[in-house]
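Q: Sequence:
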Amino acid sequence: MSKLKVIPEKSLTNNSRIVGLLAQLEKINAEPSESDTARYVTSKILHLAQSQEKTRREMTAKGSTGMEILLSTLENTKDLQTTLNILSILVELVSAGGGRRVSFLVTKGGSQILLQLLMNASKESPPHEDLMVQIHSILAKIGPKDKKFGVKARINGALNITLNLVKQNLQNHRLVLPCLQLLRVYSANSVNSVSLGKNGVVELMFKIIGPFSKKNSSLIKVALDTLAALLKSKTNARRAVDRGYVQVLLTIYVDWHRHDNRHRNMLIRKGILQSLKSVTNIKLGRKAFIDANGMKILYNTSQ
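Per full-length UniProt numbering, the very first residue in the sequence shown carries number 1; after that it's consecutive.
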């Protein structure tokens with residue numbers, strides 16, 4: 001099979017560089033054996049995406065085929081480094097461009113392709129950490145912009161993949177953080193929330209949140225946001241009450257309040273209150289809150 005010609009970067013003007021690279025990548029998609037070239041081209045595109053806003057705009061502009069080419073390559077390549085390069089490009093695009101670029105990725109079918117990639121990656125033992133971090137980071141950003149994301153995630157088996165990753169990697173905060181962010185997105189769907197609850201997600205959140213600590217505050221914040229979303233489900237709220245978690249939340253709240261003299265952890269304290277608010281939406285939750293002296297505790301800490 002003939003080797004694809006790689007156009008030297010210096011021979012391209014600034015205006016045509018990204019266009020030329022994308023054209024090369026499109027040709028490579030028809031040549032499965034060209035993994036070395038695909039790695040080279042995607043690394044060059046990544047460099048441009050990281051260093052030039054102009055490149056990011058051009059790739060997501062109306063009428064541009066850049067996103068389709070990237071997603072097609074992502075869907076078809078078997079090369080790990082090419083996959084990681086493209087995921088890094090997508091991270092750059094959705095991180096720097098706000099909601100419009102996220103929506104653009106969704107309209108091009110990005111959700112389904114990434115969910116399929118997640119399922120395929122989960123079959124490796126153990127799963128590749130960088131791959132899982134990247135996939136979860138992107139899905140956590142695009143999920144809220146896809147109205148059918150909750151259903152797609154459930155159908156693709158993504159819920160248990162993410163949940164099991166957290167269970168098996170509780171000490172790996174780099175991996176757990178994007179997984180928690182995606183669990184929060186999953187939980188916006190009521191059916192998903194109940195399904196996750198049956199598989200132990202509420203108990204899992206209480207392994208992450210806890211008394212005041214100067215470490216891992218961002219992880220605790222996301223875990224609390226996820227818990228608050230999960231507890232909007234009456235089934236999950238009852239589970240939390242049955243396991244005595246209302247008392248646990250109040251104890252944790254008092255501890256954070258006592259140590260947070262400079263109010264640097266207001267978001268964590270707010271997250272605990274939001275979880276208490278969610279659980280007290282049911283009668284059992286309100287009773288547990290009162291029985292645990294919740295009214296007195298909140299009154300005293302508000303003075």
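Among these hints, one or two may not hold up.
To be verified - In silico SDA-like pairs for lysine to any residue, Cα to Cα no more than 20 Å straight-line:
id, residue 1, residue 2
1, 234, 217
2, 108, 72
3, 145, 188
4, 62, 43
5, 270, 217
6, 287, 243
7, 148, 92
8, 148, 127
9, 234, 199
10, 152, 112
11, 296, 234
12, 296, 254
13, 277, 261
14, 78, 145
15, 152, 206
16, 232, 278
17, 145, 171
18, 167, 106
19, 198, 163
20, 78, 130
Quick caveat, the hints were computed from the structure, so don't treat them as lab data.
Small disclaimer: the values here were computed from a predicted structure and weren't measured.
Q: Could you run down the list of hints and mark each one as holding or not?
A: Results of checking the hints against the structure:
1. Distance check on the hinted pair: residue 234 and residue 217 sit about 28 Å apart at the alpha-carbon level, beyond 20 Å; violated.
2. The hinted pair formed by residue 108 and residue 72 meets the criterion: a straight-line CA distance of about 10 Å does not exceed 20 Å.
3. A threshold of 20 Å between alpha carbons decides the hint, and for residue 145 with residue 188 the separation of about 12 Å falls inside it, so the pair holds.
4. Between residue 62 and residue 43 the CA atoms are separated by roughly 24 Å; this puts the pair beyond 20 Å, and the hint is violated.
5. Only pairs whose Cα atoms come within 20 Å are accepted, and residue 270 paired with residue 217 is accepted, the gap being roughly 13 Å.
6. A threshold of 20 Å between alpha carbons decides the hint, and for residue 287 with residue 243 the separation of about 14 Å falls inside it, so the pair holds.
7. Our distance criterion of 20 Å between C-alpha atoms is broken by residue 148 and residue 92, whose separation comes to about 24 Å.
8. Straight-line distance between C-alpha atoms of residue 148 and residue 127 comes to about 26 Å, which puts the hinted pair past the 20 Å bound.
9. Of the supplied pair hints, the one linking residue 234 and residue 199 holds, its CA atoms being roughly 16 Å apart against a limit of 20 Å.
10. For the given pair, residue 152 sits about 7 Å from residue 112 by alpha-carbon distance, which is consistent with the 20 Å threshold.
11. Of the pairs offered as hints, the one joining residue 296 and residue 234 is violated, with about 25 Å between alpha carbons and a cut-off of 20 Å exceeded.
12. A hinted pair counts as satisfied when its Cα atoms are at most 20 Å apart, and residue 296 with residue 254 qualifies at roughly 11 Å.
13. Taken as a hint, the residue 277 and residue 261 pair is broken in the structure, with Cα atoms around 23 Å apart against an allowance of 20 Å.
14. Our distance criterion of 20 Å between C-alpha atoms is broken by residue 78 and residue 145, whose separation comes to about 28 Å.
15. Pair hint residue 152 plus residue 206 does not hold up; C-alpha atoms about 27 Å apart against a cutoff of 20 Å.
16. Note on residue 232 and residue 278: the hinted pairing holds, with a Cα-Cα distance of about 5 Å set against a maximum of 20 Å.
17. Restraint check for residue 145 and residue 171: not satisfied, since their Cα atoms lie roughly 30 Å apart, outside the 20 Å limit.
18. Restraint check for residue 167 and residue 106: not satisfied, since their Cα atoms lie roughly 29 Å apart, outside the 20 Å limit.
19. As the CA atoms of residue 198 and residue 163 are separated by approximately 12 Å, the hinted pair is consistent with the 20 Å bound.
20. Distance check on the hinted pair: residue 78 and residue 130 sit about 16 Å apart at the alpha-carbon level, within 20 Å; holds.
Checked against the numbered hints listed earlier, the structure breaks hints 1, 4, 7, 8, 11, 13, 14, 15, 17 and 18; every other hint is satisfied.
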